[in-house]
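Build out the structure end to end from the sequences listed, making use of the hints.
Take a look at the letters that make up each chain.
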Amino acid sequence: MPHEEQRSEAAVFGRQLKLRRHRAGAVRTSSLRLAVAGETVPAQGQFALDRMQRWLQAVIVHPGEVEEAIASEEAARELAPAHLTDLIRPSHSLTAAERVEIYHGMYLLRMVEALEADYPALRHLLGEEAFAELVDDYVRTFPSRSYTLNRLGDHLPQFLLDGARPYAELLHELARLELAITEVFDADEAPVLTPEQVRAVAPECWPEARLRPIAAFRLLTFRYPVLRWLDAARRDQAAPAPVRKGSRVVVYRQRYSVLRLELSRPEHALLEALAAGSPLGEAVAMAAAGLRERRREDEIFKAFRSWVAEGMFSAIDL
Amino acid sequence: MPDNRWGLPDLGLGVGLRTSHFAHILGERPKIGFFEVLTENFLDTGGRPLFILDQIAEHYPVVMHGVSMSVGSTDPVDFAYLAKVKALAARTRALWISDHVCWTGVLGRNTHDLLPLPYTEESLRHTVAHIRAIQDFLERPLVLENPSTYLEFTPSSMPEWEFIARMAAEADCGLLFDVNNVFVSAFNHGYDPYAYIDAIPGDRVCQYHLAGHTHKGTHILDTHSDHVVDPVWQLYGHTLRHVGLRATLLEWDADIPPFEVVHQEVLKARTWRDAEAANAA
Numbered sequence: 001m002p003h004e005e006q007r008s009e010a011a012v013f014g015r016q017l018k019l020r021r022h023r024a025g026a027v028r029t030s031s032l033r034l035a036v037a038g039e040t041v042p043a044q045g046q047f048a049l050d051r052m053q054r055w056l057q058a059v060i061v062h063p064g065e066v067e068e069a070i071a072s073e074e075a076a077r078e079l080a081p082a083h084l085t086d087l088i089r090p091s092h093s094l095t096a097a098e099r100v101e102i103y104h105g106m107y108l109l110r111m112v113e114a115l116e117a118d119y120p121a122l123r124h125l126l127g128e129e130a131f132a133e134l135v136d137d138y139v140r141t142f143p144s145r146s147y148t149l150n151r152l153g154d155h156l157p158q159f160l161l162d163g164a165r166p167y168a169e170l171l172h173e174l175a176r177l178e179l180a181i182t183e184v185f186d187a188d189e190a191p192v193l194t195p196e197q198v199r200a201v202a203p204e205c206w207p208e209a210r211l212r213p214i215a216a217f218r219l220l221t222f223r224y225p226v227l228r229w230l231d232a233a234r235r236d237q238a239a240p241a242p243v244r245k246g247s248r249v250v251v252y253r254q255r256y257s258v259l260r261l262e263l264s265r266p267e268h269a270l271l272e273a274l275a276a277g278s279p280l281g282e283a284v285a286m287a288a289a290g291l292r293e294r295r296r297e298d299e300i301f302k303a304f305r306s307w308v309a310e311g312m313f314s315a316i317d318l
Numbered sequence: 001m002p003d004n005r006w007g008l009p010d011l012g013l014g015v016g017l018r019t020s021h022f023a024h025i026l027g028e029r030p031k032i033g034f035f036e037v038l039t040e041n042f043l044d045t046g047g048r049p050l051f052i053l054d055q056i057a058e059h060y061p062v063v064m065h066g067v068s069m070s071v072g073s074t075d076p077v078d079f080a081y082l083a084k085v086k087a088l089a090a091r092t093r094a095l096w097i098s099d100h101v102c103w104t105g106v107l108g109r110n111t112h113d114l115l116p117l118p119y120t121e122e123s124l125r126h127t128v129a130h131i132r133a134i135q136d137f138l139e140r141p142l143v144l145e146n147p148s149t150y151l152e153f154t155p156s157s158m159p160e161w162e163f164i165a166r167m168a169a170e171a172d173c174g175l176l177f178d179v180n181n182v183f184v185s186a187f188n189h190g191y192d193p194y195a196y197i198d199a200i201p202g203d204r205v206c207q208y209h210l211a212g213h214t215h216k217g218t219h220i221l222d223t224h225s226d227h228v229v230d231p232v233w234q235l236y237g238h239t240l241r242h243v244g245l246r247a248t249l250l251e252w253d254a255d256i257p258p259f260e261v262v263h264q265e266v267l268k269a270r271t272w273r274d275a276e277a278a279n280a281a
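Just so you know, the sequences run in chain order Y and F. Mind the numbering: the first sequence is residues 1 to 318 in the numbering used here, read in order. Mind the numbering: the second sequence is residues 1 to 281 in the numbering used here, read in order.
Since the hints were derived computationally from the structure, they do not count as laboratory data.
Which stretches of chain Y does chain F cover? Using the computed rule of at least three CB atoms under 8 Å from a CB of chain F, they are: (1) 47-57; (2) 104-110; (3) 140-147; (4) 185-195.
None of the values given here were measured: they were computed from a predicted structure. Beta carbons are placed, not taken as given, at the ideal position from N, Cα and C, and that holds for glycine.
Next up, the structure:
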């Protein structure tokens, strides 16, 4: 029985938020004196626009406190920290650094919010603090270079695998599953194979028929039963014990709803072969290898018929 | 009072299209002037968002409001992005395309924030050149929103309202006048919001924005998370007198209440519009 993926508000429709996400508290009054760098800085009025923008961006994306960001090598290359007020005017109530901090504090929150929308189970498994630390690390390596936040998390599964976090492989697999859900959600809509098209295929033609999956289709194999972690997150339950047990999942879309289905090994073998372009007869033979004769037809064809009815395929090439 | 110079229609009162309101909008078909959609949410999806938007656009006038055009950035204009924007505008028959007087990143990066510009002659020349290139590509006037800002650049040589007015004239673009943003920035920077409004060229204003904000004591944040406060309504009334009636949109993006609450909030603008219409008559 397929399960529908319930997606968060932001993931469904609103990763690009116009408003700014802000820290709950007021701007913290700075108690740290900015270090004085030795370089010569331009006098007031001589800052070129590109230099101002490079400086502000360097400060905003720098991790840690705003004072550290202003004193960072990237920022200090554009403006010596001691000359901050040559570029940023204090207000009636905030120092120059405190004004910059409003923007600095919002950057990571925005990145966390965007990735939470795409990786809710990973966020649930790691907890708020560890997830924010992960995002902080991640966006230093893979900052957004696009007009859209939708693709910000594309490298996160591999980043997790390459990292040294405990249970890196499990986190990687859970992230792969969540990335597949996002991709299926956003994939182009395609016409689905109709019962009439299926009925129109002559019986003798089926062994050579090739079925094309819809664009919103992802087939995945895992070394962990990652759906358990996904379900635990959906139900806001404690994470299951991280015990290895291979699993296979198909994620697809039906009438704009994202669905996922756990597959047996032969079912996965059949879908994998079909998705790779193998003729149906060859794919069935491959999937049925190893199964007892009597189970072959029941299991394989029953699954195949249900997938066609589920709308996983868009066309038959004869 | 003159209309905007492009004859773009006064669509009445509208709200920003938000996910939590989809079922209500498609089920109840509320009587509302128009919907404003966040451009980037629809550029790279072929799924449910676009399916919903197509239905909305079939029944209501739609305007597009983006956050990534980055007209003030010293990075080159992203024409691949603009091609997608243009295609979406054609698909939805959007009456206009708006974005912000800001920059979002440089050196190929995007901070996804609406960052302030220094108000200098160099900034003005650069931004005007970008807007002109964008308009040439889109083959329509671009409508730009005055930002809410939390810092000022010491090298700025003119007030924001002068920058905005000169930018609009020199680039020949439209303005989306955000009344709440003027209130927010006026408090944060200590200037008179009425002086700002009086300096805005009315014939370039195509739309108004209204929203709630969060007062932090030392500064105000543009959070779009609450009702519009009375001083902002007063400013809206003053803007109507100075500029005239324009399509007016309420933004509510955090702690979003049911559609009816948002709708009722924007309908408060009707009182001000009626008063202005009576004055004009």
